[in-house]
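Full structure from sequences and hints, please.
There are 2 protein chains.
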Amino acid sequence: MKQLFIVGIGPGGPEGLTGEARRALDAAEVLCGYTVYLDLLAPLYPGKETYSTPMTRELERCRWALETASAGRTVAMVCSGDAGVYGMAGPLLQMAEEYPEVETAVIPGVTAALSGAAVLGAPLMNDFCVISLSDLLTPWEAIEKRLRCAAEGDFSICIYNPGSKKRAGHLKRACEILLETKSPETVCGWVRNIGREGQESKLLTLAELSGETSDMFTTVFVGASATQKIAGRMVTPRGYEKKNAEKEDG
Amino acid sequence: MKQLFIVGIGPGGPEGLTGEARRALDAAEVLCGYTVYLDLLAPLYPGKETYSTPMTRELERCRWALETASAGRTVAMVCSGDAGVYGMAGPLLQMAEEYPEVETAVIPGVTAALSGAAVLGAPLMNDFCVISLSDLLTPWEAIEKRLRCAAEGDFSICIYNPGSKKRAGHLKRACEILLETKSPETVCGWVRNIGREGQESKLLTLAELSGETSDMFTTVFVGASATQKIAGRMVTPRGYEKKNAEKEDG
Chain A
37 MKQLFIVGIG
47 PGGPEGLTGE
57 ARRALDAAEV
67 LCGYTVYLDL
77 LAPLYPGKET
87 YSTPMTRELE
97 RCRWALETAS
107 AGRTVAMVCS
117 GDAGVYGMAG
127 PLLQMAEEYP
137 EVETAVIPGV
147 TAALSGAAVL
157 GAPLMNDFCV
167 ISLSDLLTPW
177 EAIEKRLRCA
187 AEGDFSICIY
197 NPGSKKRAGH
207 LKRACEILLE
217 TKSPETVCGW
227 VRNIGREGQE
237 SKLLTLAELS
247 GETSDMFTTV
257 FVGASATQKI
267 AGRMVTPRGY
277 EKKNAEKEDG
Chain B
37 MKQLFIVGIG
47 PGGPEGLTGE
57 ARRALDAAEV
67 LCGYTVYLDL
77 LAPLYPGKET
87 YSTPMTRELE
97 RCRWALETAS
107 AGRTVAMVCS
117 GDAGVYGMAG
127 PLLQMAEEYP
137 EVETAVIPGV
147 TAALSGAAVL
157 GAPLMNDFCV
167 ISLSDLLTPW
177 EAIEKRLRCA
187 AEGDFSICIY
197 NPGSKKRAGH
207 LKRACEILLE
217 TKSPETVCGW
227 VRNIGREGQE
237 SKLLTLAELS
247 GETSDMFTTV
257 FVGASATQKI
267 AGRMVTPRGY
277 EKKNAEKEDG
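Line order of the protein sequences matches chains A and B. To convert, take the position in the first sequence, counting from 1, and add 36; that gives this note's numbering. To convert, take the position in the second sequence, counting from 1, and add 36; that gives this note's numbering.
Treat the hints loosely; a few may be bogus.
Copies of the same chain look alike in the list, so a pair counts if it fits in one copy or across any two.
Unchecked claim - Listed below are the simulated DSS-like cross-link pairs for lysine-lysine, each with C-alpha atoms no more than 30 Å apart in a straight line:
| id | residue 1 | residue 2 |
| --- | --- | --- |
| 1 | 38 | 265 |
| 2 | 202 | 84 |
| 3 | 238 | 38 |
| 4 | 265 | 181 |
| 5 | 84 | 238 |
| 6 | 84 | 265 |
| 7 | 181 | 208 |
| 8 | 238 | 201 |
| 9 | 208 | 238 |
These are computed hints drawn from the structure, not numbers from a lab.
Right, dumping it as structure tokens:
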């Protein structure tokens, strides 16, 4: 069988892998991915063959993975978080159309929206949006429009790729857009290096968030209007209290 | 130490658990949750003490968990998918303010948006929204508004709780709202019983989705305008092809 697994490895170390992901990595003869993620797995698979390309050469990596699987070797393409959220599942499945002989399987993982939320408390307990501020692949106008729609709908918002050296100012601009609709007191938070060495996090207001610097290892959370700071945690109520109060009233 | 873990167990069986979740469940003296989820874990923990309440008595379950942890027993509150997405992390952390002696930790898991997406392909590869159609805890008007905003922003949309016996017609109404903005040909899909016995899935158009019946074990995916059906899978392109074409052009 010609098999290619596209595996989300979760936030960081081996503890974040699901059993299913672990089984796919065990089965793979070669692990393929961005160097940082392969390094996170190295302690689990010392000596296993790996193949990596720099961050910006994703399609080359997909091609290599499909060619290698087609040649009969079992390959796991490794993605941080979930393979289907800003990961390699999309481009790989698009390209896989040219390799009908290769069986592909996407193995889901814990994306940063979930692992970061768990660090902060429960900011995504009700309806939420996930938006990337990277305009490498999406026009900036489309990102601005989505930020406006997310604010208008009063979603909790999780922001990926809030900044990098090349994109300084994106988070500040995003906050300005959100502040057109949302209160400057909106509860926000960020987490950096989730589940890895040097993990940090902070709760702050939307007004304060605007002045923060961020990098590609930071995930940002902007609360809905109902989101609260409770005992140092960011929590979006789901509405159970209200329901119970109504029950008691009625 | 008085310890309470709030654990997302992923879509179904033991294979969906992360190592971290597994460790928390191992450490717990008592597992607490909705019966269906405790049953999924039973093969892993035969004989371990459990406590459950019916689905609608969530706050009672949270209170019991906190009281039990406060009395010195290590408790794991078990949620399907991720504890922080329509799960118990929110109400538990709200109530935990009354129990400062209890140390609480949220352990993230693979929510149905991710596990369902992996079954269908890669529908959430770009910015996306997660919306529940249950109006038990959220007014229906707020849900309608979020659907409109999600369509307006051209997000991929993942819909939780699309229907139940009491909420027949919610999915049809949601599709009507989305069709105000989106093409009837928009690529959509649903997955039922993700990662469990009897898993089913289907790709269809938004026009067709409107006539489907669904239940509380179904997760629905509505594509963005760019979402495609590729070799029987639902894929939202991230834009690598476009970028590479521009590179070659420029």
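Hint check:
| no. | hint | verdict |
| --- | --- | --- |
| 1 | 38 x 265 | between (50 Å within a copy, 23 Å between copies) |
| 2 | 202 x 84 | neither (34 Å within a copy, 53 Å between copies) |
| 3 | 238 x 38 | between (46 Å within a copy, 25 Å between copies) |
| 4 | 265 x 181 | both (28 Å within a copy, 25 Å between copies) |
| 5 | 84 x 238 | neither (38 Å within a copy, 37 Å between copies) |
| 6 | 84 x 265 | neither (45 Å within a copy, 35 Å between copies) |
| 7 | 181 x 208 | both (15 Å within a copy, 27 Å between copies) |
| 8 | 238 x 201 | within (21 Å within a copy, 42 Å between copies) |
| 9 | 208 x 238 | within (17 Å within a copy, 41 Å between copies) |
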